[in-house]
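In case you want the letters, here they are:
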Amino acid sequence: MPEQLIFAMEVTLNGLMTGVMYSLVALGFVLIFKASGIFNYAQGVMALFAAMTLVGIQEGRVPFSHLINAIFGTEIYDFGWDVPALLAILLTVLVMVGFAFFVQKVIFKHLVGQEPIILFMATIGLAYFLEGVADLMWGSEIRTLDVGLPQGINLAIDETTFNWFGYGFFIDNLDIVATIVAAVLVAGLVAFAQYTKQGRAMRAVADDHQAALSVGISLNFVWILVWSLAGFVALVAGIMWGAKSGVQFSLSLIALKALPVLMLGGFTSIPGAIVGGLIIGVGEALFEFSVGPLIGGATENWFAYVLALLFLVFRPQGLFGEKIIERV
Amino acid sequence: MNDMSTSTVTEDGRTIGGVMMEMRNITLRFGGVVAIKDISFDIREGEIRAIIGPNGAGKSSMLNVISGFYHPQEGEVWYHGARRKAMKPYQVARQGIARTFQNIALFDGMSVLDNIMTGRINHMSSSFLDQAIWWGKAQREEVEHRRKAEEIIDFLEIQAIRKTPVGRLPYGLKKRVELARALVAEPKLLLLDEPMAGMNVEEKEDMSRFILDVNDEFGTTIALIEHDMGVVMDLSDRVVVMDYGKKIGDGSPDEVRQNQEVIDAYLGVAHD
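Chains as they are written, first to last, in our numbering: chain W, 1 to 328; chain L, 1001 to 1272.
A portion of the hints provided could be inaccurate.
Said to hold, decoys possible - Below, in silico cross-link-like pairs of lysine-lysine (DSS-like), each with a Cα-Cα straight-line distance of 27 Å or less:
1) 1204/L <-> 1163/L
2) 109/W <-> 1085/L
3) 105/W <-> 1088/L
4) 1137/L <-> 1174/L
5) 1085/L <-> 105/W
6) 109/W <-> 1088/L
Keep in mind the hints are simulated off the structure, nothing from the lab.
Kindly generate the complete structure, drawing on both the sequences and the hints.
Below, the structure is given as structure tokens:
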């Protein structure tokens, strides 16, 4: 087999796995947009906040310690214990559910029926608010997140591919875990939406508020549920990205990478978020591999957006989005 | 107050019970516009009660008051002998009041069966956790609800379109699916907002038959708004007539038909 082709295969595989990471972020957007028509600008910050909270709890740090110390003149920073990873994740989930309650009760309950642009502006405000809270709560130092996920080159794949092609593929264990987690997450979400009472209520609200009310669905409940799910997805994305590149404030920028994924996959489709992520991941990796050297590289910075732009021109609803047909 | 225990038997052998719902001096305003002005009437158990009137008379507003979408500024709503406090629509639905809408409110992206299943939501009692892991009670329940949904689907003769996304259906069938979703909730009181608007004669006949069958077989109390006078007179036991937000007639179809004010409202009258 020609060397170039083998390299291309490795690049494709790695691209697919990067794509999964993009999809994880895009999923959170889709959940909220589908159920409430809100484009949640704060999704990236939610991932950051979730990751910071997880690390903070794990390391047993005192939340708002700077604030507390400044007011009371104390010197406390640590509880002096370490919380096991699983328990810390569970606690973080609870924090995200609490956040969902807060968002619904304090903000969006009062904005029901407003223009989409107003809801969008509210989420921008929410993003900066949450970023501030995260800073105040846990400090702004870069942290490493370690919940015991395997990292580094997968030797089994390296060895097998070496035996086949005489060249060992470099596949990161973390990417493999991320792929499995994403698959389980999507299967779970789809099953939840299809077969459970709450899932059906969620889809009903996404479709028609008035009709949902008339069959006895509480909009408030569904929206809290959706924000909780989005918070959970944000946590998963935060864990994966945090483990990959450290927990720091630039983590919230992964939201920007989710935008082209959404344009490709459609804002309302869960499978779309996955496929969109994969296409972007593979597309940008292969483009960088094949065209990159000819034009000086660094194509990964813009390729996804150009691809999304092309989609906007030819298929504005995305691959899986609902086609808008107006009856006249 | 009306005697709750009285019940009468109609000509065709149905039993009409005591008062189920009572509207007392309802006034509803939108800013300066008075949509409903001091209206009182009642709905009795097991009857088909029609609300009629010219366009803009406030009929739909009245239905929206009953189903909790609007809240009147004055007056009281009594339901099963107790005064009802201001409620959200979903709370009203949980009390056993189901409705359809004038301009159809279905979940277009979902299949007919899924749409109908949403009507069962208030009958599902398994916990959130049961549902999430799809275990035990949740699974048994789903089967039970599916059976009920299929029953209604048979009843309304929409087996052929069970799996079709609602968005693709023609108007007449959508109306029928909406009725199915309301029925599957096994409501005590069913509110129909112009169930036959925009239908051709055949479709109207079908819908009339379904409404009568629902009332007859399930004993469901029905309050409906309709424009087609012929249909209303044939279907209903008692009729409320509204005009410009006021009640101008209330009684059996025959009484209403002979009411001078009602005739004036419909045919127009020369004002000096």
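These are the hints, each one checked on the structure:
1. 1204/L <-> 1163/L: This hinted pair holds, its Cα atoms lying about 24 Å apart.
2. 109/W <-> 1085/L: This hinted pair holds, its Cα atoms lying about 21 Å apart.
3. 105/W <-> 1088/L: Roughly 16 Å between the alpha carbons, so the hint for residue 105/W and residue 1088/L holds.
4. 1137/L <-> 1174/L: 32 Å, violated
5. 1085/L <-> 105/W: Given pair residue 1085/L, residue 105/W holds - Cα atoms ~22 Å apart, limit 27 Å.
6. 109/W <-> 1088/L: Within the cut-off at roughly 14 Å; holds.
Hint 4 from the list above is the single one not met by this structure.
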